[in-house]
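Student: Mind the numbering: the sequence shown is residues 203 to 649 in my numbering, read in order.
These aren't lab readings, by the way, just hints derived from the structure by calculation.
There may be inaccurate statements among the hints.
[Stated by the list, open to error] Okay, derived cross-link-like pairs now, DSS-like style, lysine-lysine, Cα gap no bigger than 25 Å in a straight line:
no.	residue 1	residue 2
1	K428	K380
2	K412	K385
3	K380	K412
4	K637	K318
5	K642	K318
6	K428	K385
7	K385	K318
8	K643	K318
9	K428	K412
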Amino acid sequence: MSDFFLTETSDSFSLDDNGDGFSVFPGAKGEKGDPGEGVPTGGTTGQVLTKKTDADYDTEWTDPSADITVDDALSPTSENPVQNKVVTLQKAPIITDTASGAIASFPDGADGLPMKSVVCNIEPVQEGSGDPSPDNIRPISGWTGMTVQRTGKNLFDETQYQNLTTDYEYSRDSYHCKSIQLKPNTSYTVSQRSGVADSSVILLLNNVAKINNSGFFDLRSANGSKSFTTDDSGCLYIGVLYSNDTAYNARLALCQIQIELGSTATAYEPFSGTTLPISWQTEAGTVYGGNLTINEDGSCVLTVDRASVTYNSLSGFAAHGSDRWYHNGLPTGADYSKRTQAISNSAIYQDAARTYRALFAFGSAGVYVNKLSEGETLEQFSARLQENPMQICYFLATPQTYTLSSVTMLETLLGTNNIWTNVGDTAATYSADTKQFIIKKIAELNA
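Could you build the full structure based on these sequences and the hints that come with them?
Tutor: Here is the structure:
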């Protein structure tokens, strides 16, 4: 078979086998075919192309969702280095988690996102200690407002301890001390950043009683740290040695100290805290129990489930048998099926019914007060009430709800967050950092 050669000229093709050969000339231009499937026409600036159905080529122009933007990189304000239009996600799906307790603590907060919700339990406060009685009066009080605090890992705000020469609350053993309010009966660890020498010997006091009978702790020691447990008050006094040396006292401050939850010292982290004050005195007055819910949008709802009544005179009282006095004036709206939050002579009880002499039983028929003795006269009881009024904190059959002024919701820090209040336990729902959330869950599964 012979070899053929194809030769192209300006207006034709020639096919030759070194013989006579022949030429091929192009014919007339044919008709235009139907357009192929491609990007549909229409649409407006900022719209994106999306699928209408699962069928091939079935698309349409639509407006982007709230989480998607189309960025024109040619715009002088664009930060996108790619020189064309690109579609970028504004945010990833948010993972939420919860934490609760005396301190709502979580290690995996997302950076700078508002808390989803914070629910604060409200409990009455009782002063003093020991069994309450007419001889051991323990005053009780409610709340007209509260504070919510959010910090990082470090709970110690050193800016409040910069001049203990004059700005101190308590002096003991030549140490000037100032308090920090923590949660009662909770374990903490105190440490100081490595290499810091000033104010290195400190005194730790639980409500002015030395912690572990010593209280003194030298933070200059290698890996110096000390774990301790707060008492019923949750109040920790921390102090440094005072001297008559003016130059020394100029350094009388607590610096780069860390107090953290738990019994293990970790790497130093500067304090980062925010305090959110909330008042309900105008709306609800004094509250003896309930809860406050702060929502992501800052709206606040107060639910009150307890109230208080005080008896300071004989009005309404009469003798009931040989050992009790009886009052038939029942507190308005009381839930008599719940008697677990009773207060007698300004004292909180978990079971008030006849627990001690001179205490009371609280029932649907009225209030029964035990006599100090079977021979106690009405005049003696009257004097007792005037000197030590009897107070009862009772549950409401129908809790009352109040809408408070809105606030700016707390934002989470990246990593460890601690949230607590001065009125009771706290429960928080927050946005979690995705990576740390997954790491935490894997650790929990492997535990």
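Student: Kindly indicate which numbered hints from before are broken by the structure, ordering the numbers from low to high.
Tutor: Violated: none.
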